[in-house]
Each structure stands twice: as structure tokens, then as C-alpha cells.
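A.B. asks: Sequence:
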Amino acid sequence: MSTPRQLTRAELAIDPIDAAKLLLGCVLEAGDVRVRLAEVEAYRGIDDPASHCYRGRTPRNEVMWGPAGHLYVYFVYGMHFCANVVSLTDGVAGAVLLRAGEVVAGLDVARSRRPAARSDAELAKGPARLTSVLGLDRGDNGVDLTDPASPVRLYAGDPVPPASILAGPRVGVAVAMEVPWRFWVDGSPAVSGYRRGGKRRVRTVR
DNA sequence: ATGAGGATCCTCT
DNA sequence: GAGGATCCTCATA
0 MSTPRQLTRA ELAIDPIDAA KLLLGCVLEA GDVRVRLAEV EAYRGIDDPA
50 SHCYRGRTPR NEVMWGPAGH LYVYFVYGMH FCANVVSLTD GVAGAVLLRA
100 GEVVAGLDVA RSRRPAARSD AELAKGPARL TSVLGLDRGD NGVDLTDPAS
150 PVRLYAGDPV PPASILAGPR VGVAVAMEVP WRFWVDGSPA VSGYRRGGKR
200 RVRTVR
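When you line the first sequence up against numbering that gives the first Met the number 0, it's residues 0 to 205, in that order.
Since the hints were made in silico from the structure, they are not lab data. Just so you know, not all the hints are guaranteed correct.
Unchecked claim - Per label pair, the in silico range of CB-to-CB distance:
(1) S111 with V91: 33 to 43 Å
(2) R56 with A162: 37 to 47 Å
(3) R195 with D146: 35 to 45 Å
(4) R137 with P160: 13 to 23 Å
(5) I45 with V103: 33 to 43 Å
(6) H79 with D146: 24 to 34 Å
(7) P188 with P58: 36 to 46 Å
(8) R137 with D107: 23 to 33 Å
(9) P188 with H79: 36 to 46 Å
(10) E177 with D136: 31 to 41 Å
(11) G167 with V75: 16 to 26 Å
(12) D119 with H79: 14 to 24 Å
(13) A120 with I164: 24 to 34 Å
Fair warning: this is a prediction, and the values are worked out from it, not measured in the lab. For each residue, glycine too, the CB sits at the ideal point set by N, CA and C.
Put together the whole structure using the sequences plus the hints.
C.D. replies: This is the structure in C-alpha cells:
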């Protein structure tokens, strides 16, 4: 396999829904580990109630408002990290959550980081598992994925035929269920299952 | 200063 | 399929 092409900031400075489809099949690299993305979710800015940016700019979501092609990492549930690729551009929030992928290099390291995985397909099957396999954490928040010198980089992969891209509601969110902004590669063993959003109180109208 | 609620995962049953 | 782990972030006061 020849040296893959690194993605550019300009090609990621698009609507997160388009960026999500573009990212499928692309490869994220950190250290010795490479993951080929199989499942992603688009999050928009202030018009998306499920987005971290829905209520405006805060210290946590700062990176999402910045330039495209940077990594937005956040901490959830007191123990996990999730990673996003920032899309759109300065001043307009948008990002794509990296939900799952297939480990295509660094299998031994990946396995050692995920002792609970029962198969290689499970290594990066889920957003927190994906960050875990790549060794990403708080310190990687904001890194430029389009810079060859960055510790985490994003490369183009074999293109995914549009017919192989499926869409559905986002996982684990209890609002905006009607928008099919989760995209995945049909048939990929790494795609995580759908799970409805938890306990959001449904306000009873009277 | 406080408290509620997570873009999850793992271990059981 | 349910429940717990675990702590950060933000809104409210």
C-alpha cells in the first residue's frame, strides 16, 4: 500500500453531514495504530439540540468553533473519551463523532489497550473504544489532523461507494431522533449497534 | 457552591 | 436487557 494522502483542512470545511460521509473509509493514525472509520455521526451547531454547541460557546466545546480538520476530544460518563473531527470553519460549530472503525495497523498495541475485546472487530467498535485503541485522551483535544507533524493524523482511504453508506438516527441521544445523521459502512463488522437515547424526560403536554 | 445529567462500556442475569 | 462505575461540565442560585 502506497503512502496515503493526508486530508486537508479545506476539504473538511463543509457541512458535518457531508463531512461524515466523506470520513467513512478514511484512516486515523496515532502512534503505531491505524483505524479505518466505519461509523460516524454528524453534529451541527446551534440548531442541533444534541450538539455540545447547542447552547453556545463554552470552554469544553471551544474547538468545535475553530478551524476544520482539528480533533475535538471530550470526556464522558466519568471514564471515557470520545473523538470528533471538526468540520465547517471558524466561527461556525460543526463536528463528526467517530463512532467505530476497523484496526488496520498496530493490532498488538490495540489488543493490549483493550483487554476486554472478545474479537479484533470489537477493538474499535464504539466511540470510547476507538479513542482507547488509539490512545487518545484530553491531551489530544485540538490537534490539527491535517498537519503531517501532528501526533494524530487523518488520511484518505479506499473510497466507500455511496451505495454502501447507510444512514439512521444517532446513537444514545434522546433528542432530534428524526434526523438520520449517523452514517456507517454497510456490512462492516465494526459497526456498533443502535441504542436509543436514555432517560430524557418527555414533557407531557397538557 | 451545588447538583443533575451525560454523544459509554462492562458485567452480570 | 439492566445496572453500576465515575467525574466532568454547565446551569442555576
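A.B. asks: Identify every previously stated hint that the structure contradicts and give their numbers, smallest first.
C.D. replies: 4, 9 and 13
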